[in-house]
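> Protein chains in written order, with the numbering used here: chain A, 307 to 810; chain B, 11 to 271.
Keep in mind the hints are simulated off the structure, nothing from the lab.
Be aware that a few hints might be false.
Only pairs whose alpha carbons sit at most 25 Å apart, straight line, appear in this in silico DMTMM-like list of lysine to aspartate or glutamate [unchecked claim]:
1. A:LYS513 - B:GLU106
2. A:LYS351 - B:ASP22
3. A:LYS351 - B:ASP81
4. A:LYS351 - B:ASP23
5. A:LYS787 - A:GLU645
6. A:LYS351 - B:GLU24
7. A:LYS351 - B:GLU64
8. A:LYS513 - B:GLU147
9. A:LYS661 - A:ASP742
10. A:LYS776 - A:ASP571
11. A:LYS514 - B:GLU147
12. A:LYS513 - B:ASP138
13. A:LYS514 - B:GLU120
14. A:LYS513 - B:GLU120
15. B:LYS225 - B:ASP207
16. B:LYS225 - B:GLU95
17. B:LYS188 - B:ASP138
18. A:LYS514 - B:GLU106
19. A:LYS676 - A:GLU717
20. A:LYS514 - B:ASP138
Just a few of them, taken from the derived set where beta-carbon distance is under 8 Å, the chain A residues facing chain B [what the hints assert, rightly or not]:
21. ALA418
22. GLY423
23. THR425
24. GLN428
25. PRO436
26. LEU437
The beta-carbon is built from N, C-alpha and C at its ideal position, and this holds for glycine as well.
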Amino acid sequence: MSERLAEQLALLPNYLSHHIALTLTALAIGIIICLPLAALVTRVKALQWPVMTIASILQTIPGIAMLALMVPLLGQIGALPALIALVLYSMLPMIRNTVTGILDIDSSLTEAARGSGMTSMQILRLVELPLAAPVIIAGIRTSAVWIVGTATLATPVGATSLGNYIFSGLQTQNYTAVIVGSASAAALAIILDQFIHLIEYAASQRKKTLAIGTSVGLLLLALLGMSPLYERYNSNTGAERIVIGAKTFTEQYVLSEMMSEILTDAGFEIEVRSGMGSTILFEALTNNEVDCYVDYSGTIWANYMQRKSVPKGDTVLVELTKWLMDQHQVLCLGALGFENTYALAIPREFAENNKIVSVSDLSSYSRNMKMGSDYEFFGRPEWVSLRDTYRLNFTDLVSMDHSLMYAAINEDAVNVIAAYSTDGSIAAFDLVTLTDPQQALPPYDATLLLSPRASSNQRLIEALNVIIGKITAEEMRSANKAVDLDNRSVSESAKQLRRAIFSQ
Amino acid sequence: MINLKNISKSYDDEATFAVDSIDLEIKSGELLALVGESGCGKTTTLKMINRLIEPSAGSIEIDGENILALDPVTLRRRIGYVFQEIGLFPHMTVAENISITPRLLGWSAERMHSRVTELLQMVELNPDGLRNRFPRELSGGQQQRIGVARALAVAPSVMLMDEPFGALDPLTRSGLQKELTRLHKLMSMTIILVTHDMSEALTLADRIAVMEKGKIVRLDTPANILQNPGHPYAQRLLETPVNQMNALTKLLQQSESADSQ
Ligand SMILES: Nc1ncnc2c1ncn2[C@@H]1O[C@H](COP(=O)(O)OP(=O)(O)OP(=O)(O)O)[C@@H](O)[C@H]1O
Ligand SMILES: [Mg+2]
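So that you can see chain A by itself, here it is in the shape it has in the complex:
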């Protein structure tokens, strides 16, 4: 077995157990809500249209949007919003199948049931549910498969799942991880589907032993799958649990992994929640659901503080530290030393042929160029500032995943990209970054933020202080490059970075 695969499989117990717990809980809640609701709908005709319509509408909301919407609605991240989103998302097949299953029963049978003296509940329990069971269970199977698949999207809202493989794998170009994650999710879906199918078969054939055996088997398998969770949450090692957050790009994976190793060595018990959206992560920090993560001064300035002006110079760090503490009791422990700013990058050949060094040199060419960036950049004030300052007028603006931008410029799909200055790919794809003489782009110093609760944890602060001001842009870039281009794993790269900063 290759080392890469072994490394990924080592993560499986954790991811899979979370995934199983999330999926089965959502399915169970879904069944408990949907079956009675559907039964009610068959009794109260007036409810049929509204219930079916609402369930259908919920269904059309893209899974990832549904998950993301739950976070502001509930004001928290993690398993709960994921759970609620999954339940809502999976209701339609169960409700629809139960309603049609019951309404399709031959009316002479329900009449015979009434004529025998059954109450409405008895008809439901003794006649309608057993007769509609195959259709109802088909709906449950559909929902189960959906839930298993959609649960992989729970990663960005801070719930660990098999999606962690997929999200981090895509970001760090680790396709082994993507394949392990997808294959595990597919296998889980198939196994669950077949188990439910077998239970249904046993029930319809009245094979009691088989039905009970299968149910017990499913239960045992579920418990086995979730057992790492018990160990995780019940292992009373006495160590303090610290949750480290990370956004969705390589640098964040590497930094969170390095912090995790440092803190584990310092005797903390660590959970890393990676692949989280920027705003979700900051909210989680203010709610004490995440204890620490690395954010960038420009992001804090524009996104959280909502300042329209583009700050210049060193005042930023001072101002945002004060703002974070005053508004959110969040402690900014300090800058890590490097900056990861947006920087416009173009192919070296084009730059040299046309003598382009700064963004102002680019403006006259922009009329014939397409620009690519991550999902955020064109929505940020600094883009407006950059565009207006240098009178940029690109023919097209294309948002895409950050990890795909380099391939895009390499294939001439775009001609200029908003790179992150610490991207290892800049050099690897033979691009040059342009200077910003007018300082239209704000500084993006990497800063370490601590949640209100963690702010009073002296031991934690001490343990983390060792990395403040220690990481140079060169070191960060080479750590990113190791992952993005040299096929190193995140944990190898994190170890390398840790060695580099402590050998200074």
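Chain B with the ligands: place on chain A using the hints.
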């Protein structure tokens, strides 16, 4: 005693009436046959008596009690009903089908078991061979007999039977007809029997009600109706069995004279 007073049922907001102002008194222990051509309102009348259908107008009393004021569930548990479509529950065994009402009434398992045996014997089926079969594993006639057994399960004082013997061969049919007469006498049940078979009505019933287009056009004993049909439609209904009988007698005479030659 069952007393229908001015009962009407319209399925279309009183544009037409499936049952049209029926007055009918059935004495306790009486077997009343309800005859009439397809669509004349027999099933509708029967279902109003156990409130599977609510009448549009009029009132129904059983033993002096207004049934429209009773809890329909309790009412139905006291009345046996044999459905025209039989309506056996496909997911239940023969035994479970028969003991459905006893189960609702909370009988013990042993009591239900012995009752099922008793009833299967009563409808001339083999209890050991059939009790654990599912309805789909039975012939049409067997299913119909299970339907009758199910209606008889709690020995109700009122039985409503909607063509209970339709799918039976003549021998089984006459066997069951005899059995029904015996039970009727024995348990002094009040029975309303819907049938298309005029000779069945003539031989089994204490009285016959002839329906046409939602109305009762003739109500009398079989003997009186035979003697004096009194209504053109009753006359026509009688023609079939009488013609058959005449044809048979003629055949018999011919074969006798052929024998004696
Ligand atoms: N649920 C219903 N909705 C509308 N019309 C109905 C309904 N049930 C019966 N009818 C109509 O009422 C009339 C009487 O029907 P009913 O079932 O009582 O007839 P029947 O005498 O039992 O006929 P058959 O001998 O064919 O069973 C028929 O014209 C029928 O079409
Ligand atoms: Mg009928």
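> Could you tell me which of the hints above the structure violates, numbers in ascending order?
Every hint satisfied by this model.
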